[in-house]
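Could you put together the complete structure from these sequences and hints?
The numbering used here applies: residue -17 is where the sequence shown begins, and numbers increase by one.
Hints are supplied without guarantee of correctness; some may be wrong.
[As the list claims (entries may be wrong)] Straight-line distance between alpha carbons at most 27 Å, and here's what the computed DSS-like set of lysine-lysine pairs gives: (1) Lys46 - Lys243; (2) Lys64 - Lys82; (3) Lys83 - Lys232; (4) Lys71 - Lys281; (5) Lys64 - Lys80; (6) Lys232 - Lys64.
What the hints contain is simulated information worked out from the structure, not anything from laboratory work. Just so we're clear, the structure is a prediction, and the values are computed from it rather than from any experiment.
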Amino acid sequence: MTMQPVPSIGKDTELTVRMWLTMFLLAVVFVGFLGILFVLGLNWIFILVIAVLMAGFQYFMSDKLVLWTTRAKVVTAEQEPKFHATVEKLAERAGIPKPKKLAIMETHVPNAFATGRNPKNAVVAVTRGLLDRLDESEVEAVLGHELAHVKNRDVAVMTWASLVVIMAGYLMQMLFWMSLFGGFGGRSRRSGNGGQAAIFIMLAMAVTIVVYFISQILIMALSRYREYAADRGGAILTGTPLKLASALAKISDQVYRIPEKDLRQVEHANAFFIIPALKGNSIASLFSSHPPVEKRIAKLEAMQQEIQQNRLRPRQFRIN
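This is the structure:
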């Protein structure tokens, strides 16, 4: 297979700055949270170790967990030759290994996702509904988006960026049970003051809740920026931004038409999907990990205008 030149329009500086700023703010929250735990006298090292172990499990098992929860079935090249051939072609153009597993979810909800801790252990999956509802070039554009996620190592980025959220979530559960069964053990026994222990627990809980929600907001912002980057990378990879825009519009329109009960069957995979399986009027859509489809399409249309104005030169593929 001959490598084809892939156009590049350089860096999206604004997007890059926003991603790095968000990761910096997450780092500040993480360090600040550790400092607060230290001041409060909590065993922050134990909490950090537990969080790292939980994140590590999620990181190394992400492909297996997602396949299991979505019930996506791994398919061979003999079973789905066109699917395999398209992914192989795009992976070669992206300069990454062909994903280890390709899978199909047997649902009429049109969507796709990619997961895996690195390009060598990646999984790319599409739904039967997506293959049935999109034309070949639109399917290719969607697969380009998913391979951009793989090349950007987005599973690894989002897993480790979520470390402070994992810590805060674990601590909230721990504090809840401590409040039910006698506070902080040694501290309350030494002081002999159950009232002070209760206040201490309430203070620690309040700080933890604030940190949790601030971190969640930053994680959602980072996730949205990664989606923009994957859109951009996929469009550069295929050279057809409008085809990805068309695919996003079709998926969004079809998702809106699908009954709520059918969407609930796949809602656990929303964080991975190219477009969340949510109704437009759903409260959950306000806290989506994905940017609005309209804004994504607008950015892709702007890319197409640059292509038409002959501003592109063949360069080595890179995603910014």
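Quickly compare the C-alpha distance for lysine 232 and lysine 64 to 27 Å and report which way the hint goes.
-> Roughly 21 Å separates the two Cα atoms, so the pair holds.
If you draw a straight line from the CA of lysine 46 to the CA of lysine 243, is it 27 Å or shorter?
-> Between lysine 46 and lysine 243 the Cα gap is close to 25 Å, so the pair holds against 27 Å.
Starting from lysine 64, check that the Cα of lysine 80 is at most 27 Å away, please.
-> At roughly 14 Å apart (the allowed maximum being 27 Å), lysine 80 and lysine 64 satisfy the hint.
Are the Cα positions of lysine 64 and lysine 82 separated by 27 Å at most?
-> Given pair lysine 64, lysine 82 holds - Cα atoms ~16 Å apart, limit 27 Å.
Do the alpha carbons of lysine 71 and lysine 281 lie within 27 Å of each other, as the hint requires?
-> Holds, at about 25 Å.
Hey, lysine 83 versus lysine 232, does the alpha-carbon distance stay inside 27 Å?
-> At roughly 26 Å apart (the allowed maximum being 27 Å), lysine 232 and lysine 83 satisfy the hint.
Checked against the numbered hints given earlier, this structure breaks none of them.
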